[in-house]
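For reference, the chains in residue letters:
Number of protein chains: 4
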Amino acid sequence: MGSNSFGNIFKLHSFGESHGEAIGGIIEGFPAGISIDIPMIESELSRRKTNQGLYSSQRKENDNIKILSGIFEGKTIGTPIGFVIENENAKPKDYSKIKDIYRPSHADYTWEQKYGIRDYRGGGRSSARETIVRVVGGALAKQFLSQQGIQITAWVQQIGNEVWENSSIPSFESIEKSILRCPDRKTEISMQQAIERAAAEGDSLGGIIKCSISNVPVGLGEPVFNKLHAALGSAMLGINAVKGFEYGNGFSAASLKGSQNNDEFYIDNDVVKTRTNNSGGIQGGISNGEEIYFRVAFKPVASISIRQQTIDNKGNNVDVEVNGRHDVCVVPRAVPIVESMAAMVIMDFYLMQKINQ
Amino acid sequence: MGSNSFGNIFKLHSFGESHGEAIGGIIEGFPAGISIDIPMIESELSRRKTNQGLYSSQRKENDNIKILSGIFEGKTIGTPIGFVIENENAKPKDYSKIKDIYRPSHADYTWEQKYGIRDYRGGGRSSARETIVRVVGGALAKQFLSQQGIQITAWVQQIGNEVWENSSIPSFESIEKSILRCPDRKTEISMQQAIERAAAEGDSLGGIIKCSISNVPVGLGEPVFNKLHAALGSAMLGINAVKGFEYGNGFSAASLKGSQNNDEFYIDNDVVKTRTNNSGGIQGGISNGEEIYFRVAFKPVASISIRQQTIDNKGNNVDVEVNGRHDVCVVPRAVPIVESMAAMVIMDFYLMQKINQ
Amino acid sequence: MGSNSFGNIFKLHSFGESHGEAIGGIIEGFPAGISIDIPMIESELSRRKTNQGLYSSQRKENDNIKILSGIFEGKTIGTPIGFVIENENAKPKDYSKIKDIYRPSHADYTWEQKYGIRDYRGGGRSSARETIVRVVGGALAKQFLSQQGIQITAWVQQIGNEVWENSSIPSFESIEKSILRCPDRKTEISMQQAIERAAAEGDSLGGIIKCSISNVPVGLGEPVFNKLHAALGSAMLGINAVKGFEYGNGFSAASLKGSQNNDEFYIDNDVVKTRTNNSGGIQGGISNGEEIYFRVAFKPVASISIRQQTIDNKGNNVDVEVNGRHDVCVVPRAVPIVESMAAMVIMDFYLMQKINQ
Amino acid sequence: MGSNSFGNIFKLHSFGESHGEAIGGIIEGFPAGISIDIPMIESELSRRKTNQGLYSSQRKENDNIKILSGIFEGKTIGTPIGFVIENENAKPKDYSKIKDIYRPSHADYTWEQKYGIRDYRGGGRSSARETIVRVVGGALAKQFLSQQGIQITAWVQQIGNEVWENSSIPSFESIEKSILRCPDRKTEISMQQAIERAAAEGDSLGGIIKCSISNVPVGLGEPVFNKLHAALGSAMLGINAVKGFEYGNGFSAASLKGSQNNDEFYIDNDVVKTRTNNSGGIQGGISNGEEIYFRVAFKPVASISIRQQTIDNKGNNVDVEVNGRHDVCVVPRAVPIVESMAAMVIMDFYLMQKINQ
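Residue numbers (this note's numbering), protein chains in the order written: chain G, 12 to 368; chain X, 12 to 368; chain V, 12 to 368; chain Y, 12 to 368.
There may be inaccurate statements among the hints.
[Unchecked claim] List of simulated lysine-lysine pairs, BS3-like, C-alpha gap at most 30 Å: (1) G:K108 <-> X:K110; (2) V:K365 <-> G:K365; (3) X:K108 <-> G:K268; (4) G:K77 <-> Y:K197; (5) V:K60 <-> V:K197; (6) X:K86 <-> V:K365; (7) Y:K268 <-> V:K108; (8) Y:K325 <-> G:K86; (9) V:K110 <-> Y:K86; (10) Y:K110 <-> V:K284; (11) G:K268 <-> X:K197; (12) G:K284 <-> X:K110; (13) Y:K365 <-> X:K86; (14) V:K197 <-> X:K77; (15) V:K325 <-> Y:K284; (16) V:K284 <-> Y:K108; (17) V:K60 <-> Y:K268; (18) G:K110 <-> X:K268; (19) V:K86 <-> X:K325; (20) Y:K108 <-> X:K365; (21) V:K325 <-> Y:K325; (22) V:K325 <-> X:K86; (23) Y:K284 <-> G:K86; (24) Y:K197 <-> V:K268; (25) Y:K268 <-> X:K365; (26) Y:K77 <-> G:K110; (27) Y:K77 <-> G:K86; (28) Y:K110 <-> V:K268; (29) X:K77 <-> V:K110; (30) G:K268 <-> X:K60; (31) G:K325 <-> Y:K86; (32) G:K365 <-> X:K325; (33) G:K110 <-> X:K365; (34) Y:K86 <-> G:K110; (35) X:K86 <-> V:K197; (36) Y:K188 <-> V:K268.
By construction, these hints were calculated from the structure, which means they are not laboratory data.
Chain G with its partners taken away, still in its complex shape (with noise of 0.2 Å):
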């Protein structure tokens, strides 16, 4: 029931789990003719491995991305984009001690009461692994939205209990120059200690990252269910260890009056603008120009090496430790993953919008 694929114009269909042979997908829908930088993808992967010392996953893949199809001379000729990218590393044997054992708020316990069998090989199709493919789609979307002049740029905002709050969109430089994805030095060096303080325990953390969309057209969204902050939403809640979405002033909105939380218009040599932009850029469910802003909460990552209880499949009640490799806070490599899935939302409606022209 298309639960491995995304969009409705563009569309992205994933397959591949984290120990299997390869993970891989298929772009179709990208229109013809234009131009690819390869090498501008395969730096958006190695932005969502990065690296962040001790406190990152153990594993190291290069994760080279084969295109097969689709790209020809260089240029986009119109026919789905098919992609692999091969699993160098994985090892099924890490993962034979906790084969029988369901991980508290893992994907465990519910994949194999759903499918009535179990992929027991580090979270298998559940795993983060599956956003690669994701941010191959993302890279692409990147791509052809930069020629029509959109920009997509998401940060840390939250780690823990460290916050950076900022009125401005940071530039992208700024941001990859922090290892944590948040440009305010000061934060960062809270946010690192305190990775380092649950690092030292066996424990995890959560965080926020905000995503900022600039230069969109007017008119992207439908009116009614497919509202292009819904579609952000639920491409966001589809995201591993996402807890919740809001979009402009959010769930501060709720405690505001209308007079306070109303985007007055106002005319500014011949283009509309609003004073406020409470609203995110989206108004009625389409875009209206403003810049388009949203923020995302991840859950701390649920494999920590606290000893928990929990059962296993024949259902006795036993403890577990979940050893091996796996990060203590994922939220700055969540960054590229969150620029990717709003950057596919945006091309499928700009696509779909071309309907109404």
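Go by the hints and put chains X, V and Y onto chain G.
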């Protein structure tokens, strides 16, 4: 592009402008042989238009539903259920004053930019009147779900700055006894006072609805893109005025450690349970049998009678006062809409899971 | 599973049983700003119910259409077009005699086996009355297409053993002047005599409809699964009683050599043309600008008043005579249905192609 | 717009150009826990590339399939099955001569007009090489169906003017023993002679394939738009070079009377049967438990080495001889493709029907 259709197996197709002849819809995929209680649908429609005294919309509609197909001798027969509700009280003349003006934070401007044409009669299709169709779909889905033992309950948790925090699920009766659908009498009084103040100022208020779904079987939801919470989030973000969605402990998970946030499993009389329920009943995108709960943030309605600055469709800066009937706070009326969208999602995923069985 | 919806961008959602309250539908994806001629829709509905004297269905219906949304001040506004046609003359009692009997070559048996329940009133949803909804969709699509210069013409080529072979496209007027929609007077007389003989015997007749579509722009159709002729074929095979579909020279191509069958290109005044048109205007699944044409075979209607052997729903072998109103030959009435389905496919693919532009 | 995806619950997503790096696909919706026989898939792939001596394509490919996901410890696990087949023998230089020329009755011209760009290497995505992906999907679907007792058999009924008429279903062995997949030795010899004559002339031949599906349970198919035969027809018309489709007695039903065409029901040892099977096992769009059968007409392949008139992409009238490897008659090789498309349709509808159970 599907902007007026909702669902995968259980589908709702919706039509109708707020000031057109009628609104209505088609429900597809409803299983055959299910007894349908028509008065229950009418009662749900009347919950949606609850009169909140002088603080709510003045529009008086009977919202009489005519079911035109799909039910024969009291039972569904597997065919699409077509239904129509006439717009009795449409007065297009009411809107002549704002015909050429884009109201701040409404869909007026974005709609006209998108389609090149505008239905200026009360928001046309962007009006909340369209949600009647969703309540019909929800009423039918609730009847199906309640035959499977699944119960959906929603209530008002916040209006303006007045918040009711509670840990257990209030009874349907206690919620419906409250004119604001907040079962805590003390909070309700504060909320009413806040609404009265806003009404006096010609202003409006937002709020938060919490929704709980119990007895959902294990296994609903898809593991990658169509996660159960992503579908719930998309459904909620598709309701007018919604600005945010979180499930389980939501945004607050971002500042917890894994050891605090994880839900440990245990066996209780051969039943698998979790000691905490920060996951909100969903793990890896799939229901785990625990209570599903989530929160939905509503902005204050954009229609206020306070004078605001805006523009007209000739590009002039103008002032506007939005007179006529509109709610001070729609949040209590949105409770059955939240329930309805949740019911349609759960029924859809319930039917989808039959394919795996 | 979409069994009542048709199309990708231009979509028709259909509801209604032949003896329920009403039938109707929703058209989604119709572009905004298009002027709509309502009397033309009514005229198309009346073409579908053409009285063929005593040889056709006795059911008298006015088939008055009520358009409930989507059109404002004479123009489409981009919102779904909801419409309803009441069933004026439904008499469930007519069918009490066949309530428990499965009529040969009807949908009675398969429907009940599929859904576990049966609407025995005149075939319920399997009745050809459902095609009214398609004619409405087709009438709207034709209006859009004719504004792009695209013309759709269908006529009766065969009834029983009487065949009219012609190489050019007859005019709409010459077809509509013929009660059997066969513009060749001599063949028409033979067809009428065949119908009279079959009527006298209580029997029924099948036939073949040919359809031609001219001025379709180059480039409609998808190259792999959604080929333009596959979509046309699927649409035609979705009409009741259709047994076969061929486009271009169809089945006869099987016995030709490539050198006989290939359509050579040439340039005529800067316009690309083909010398022959065995391809029927479609090459590699994509329109090439030549006339599109295809043929659709209809079986004789299953309802005959000759006594037949069959079974009842208790598993007894019984006899049945299907009395009451039914056509001797539906083929002439199916002409506007064939045109309508073709119009909806072409419009859908026309809109789809806008994404590539 | 879904042009590279097939199916509703069981889905095949396809990618790959004939002369690109590789072709492949993703199968979604395959139930978990099914044992998969990989050599059977390889054997189906080899059926598709059967060498017919000098009369068939000269391209030698091993068509080695790599399955990259979805199967673990010999069984499906409910995740998408990704697979890749490398193009070993792609020689883009072969095609430099026709780079700027539109071959008659090929997709060259329409493709370039649609997308504004052309992959001139052997037809790119319009090449029949793409059907490898369908054969993989079909092989997996056949394995699932055969576990439910459902059997699919196809054979060559006609090549050029040589026709084999038979009333019973030939055995798989008798078909596969025949190099032309026509189990009647006498007809096969005539067909071979016709092919030899065409080969000598540099010409090509078309033909007809008949397909039979037995043991399909009652109840598959949707009653309105997604009729089982409409889905089969759409699938067949989606195969390269197909010009027509008919099921049951097909076009010949057009000249029968209802009393001749109707299939009378009777009870035989508590089993519902029909005395004749003009319906081809489908009534009202839904399977009735009898044998499903249909016929598919193929035009002669467009690539011939006889000189033809055509145009180039500068708008000049030119001559063309299409040299290089191509089949004289593809019909025998299309047999497993017809079976594969049929298998995917039946499996898809089998899974869809689970929702009604």
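Hints, verified against the model:
Proposed proximity of K108 of chain G and K110 of chain X is contradicted: the alpha carbons are some 68 Å apart, above 30 Å. A distance of roughly 6 Å separates the Cα atoms of K365 of chain V and K365 of chain G; the hinted pair therefore holds under the 30 Å criterion. The hinted pair formed by K108 of chain X and K268 of chain G meets the criterion: a straight-line CA distance of about 24 Å does not exceed 30 Å. Using a Cα cut-off of 30 Å, the hinted pair K77 of chain G and K197 of chain Y is violated, with the two alpha carbons roughly 50 Å apart.
Our distance criterion of 30 Å between C-alpha atoms is met by K60 of chain V and K197 of chain V, whose separation comes to about 24 Å. Restraint check for K86 of chain X and K365 of chain V: not satisfied, since their Cα atoms lie roughly 43 Å apart, outside the 30 Å limit. Only pairs whose Cα atoms come within 30 Å are accepted, and K268 of chain Y paired with K108 of chain V is accepted, the gap being roughly 24 Å. Of the supplied pair hints, the one linking K325 of chain Y and K86 of chain G holds, its CA atoms being roughly 21 Å apart against a limit of 30 Å.
For the hint linking K110 of chain V to K86 of chain Y, the alpha-carbon distance of about 47 Å lies beyond 30 Å, and the restraint is violated. The straight-line distance between the Cα atoms of K110 of chain Y and K284 of chain V is roughly 20 Å, inside the 30 Å bound, and the hint therefore holds. Distance restraint check for K268 of chain G and K197 of chain X: the Cα-Cα separation of roughly 22 Å lies within the 30 Å cut-off, and the hinted pair is therefore satisfied. With a C-alpha separation of about 20 Å, the suggested pairing of K284 of chain G with K110 of chain X holds against the 30 Å cut-off.
A distance of roughly 20 Å separates the Cα atoms of K365 of chain Y and K86 of chain X; the hinted pair therefore holds under the 30 Å criterion. This hinted pair does not check out: K197 of chain V and K77 of chain X have alpha carbons roughly 50 Å apart, beyond 30 Å. In summary, the hint linking K325 of chain V to K284 of chain Y is supported, as the alpha carbons are separated by about 14 Å, within the 30 Å threshold. Distance hint between K284 of chain V and K108 of chain Y is fulfilled; the C-alpha atoms sit about 22 Å from each other, no more than 30 Å.
Our distance criterion of 30 Å between C-alpha atoms is met by K60 of chain V and K268 of chain Y, whose separation comes to about 22 Å. For the proposed pair K110 of chain G and K268 of chain X, the alpha carbon gap of about 25 Å is at most 30 Å, so the pair holds. Restraint check for K86 of chain V and K325 of chain X: satisfied, since their Cα atoms lie roughly 21 Å apart, inside the 30 Å limit. For the given pair, K108 of chain Y sits about 55 Å from K365 of chain X by alpha-carbon distance, which is inconsistent with the 30 Å threshold.
About 71 Å separates the Cα atoms of K325 of chain V and K325 of chain Y, which puts this hinted pair outside 30 Å; it is violated. Taking the CA atoms of K325 of chain V and K86 of chain X, the gap is near 21 Å; set against the 30 Å cutoff, the hint holds. Distance restraint check for K284 of chain Y and K86 of chain G: the Cα-Cα separation of roughly 57 Å exceeds the 30 Å cut-off, and the hinted pair is therefore not satisfied. In summary, the hint linking K197 of chain Y to K268 of chain V is supported, as the alpha carbons are separated by about 22 Å, within the 30 Å threshold.
Of the pairs offered as hints, the one joining K268 of chain Y and K365 of chain X is violated, with about 43 Å between alpha carbons and a cut-off of 30 Å exceeded. For a cut-off of 30 Å, the pair hint linking K77 of chain Y to K110 of chain G stands: about 26 Å separates their Cα positions. As the CA atoms of K77 of chain Y and K86 of chain G are separated by approximately 27 Å, the hinted pair is consistent with the 30 Å bound. Only pairs whose Cα atoms come within 30 Å are accepted, and K110 of chain Y paired with K268 of chain V is accepted, the gap being roughly 25 Å.
Restraint check for K77 of chain X and K110 of chain V: satisfied, since their Cα atoms lie roughly 26 Å apart, inside the 30 Å limit. Pair hint K268 of chain G plus K60 of chain X holds up; C-alpha atoms about 22 Å apart against a cutoff of 30 Å. In summary, the hint linking K325 of chain G to K86 of chain Y is supported, as the alpha carbons are separated by about 21 Å, within the 30 Å threshold. Straight-line distance between C-alpha atoms of K365 of chain G and K325 of chain X comes to about 25 Å, which keeps the hinted pair within the 30 Å bound.
At most 30 Å may separate the alpha-carbon atoms for a hinted pair to count; K110 of chain G and K365 of chain X meet this at roughly 27 Å. Proposed proximity of K86 of chain Y and K110 of chain G is supported: the alpha carbons are some 17 Å apart, at most 30 Å. A threshold of 30 Å between alpha carbons decides the hint, and for K86 of chain X with K197 of chain V the separation of about 52 Å lies outside it, so the pair is violated. For the suggested pair K188 of chain Y and K268 of chain V, the alpha carbons sit about 26 Å apart, so the restraint of at most 30 Å is met.
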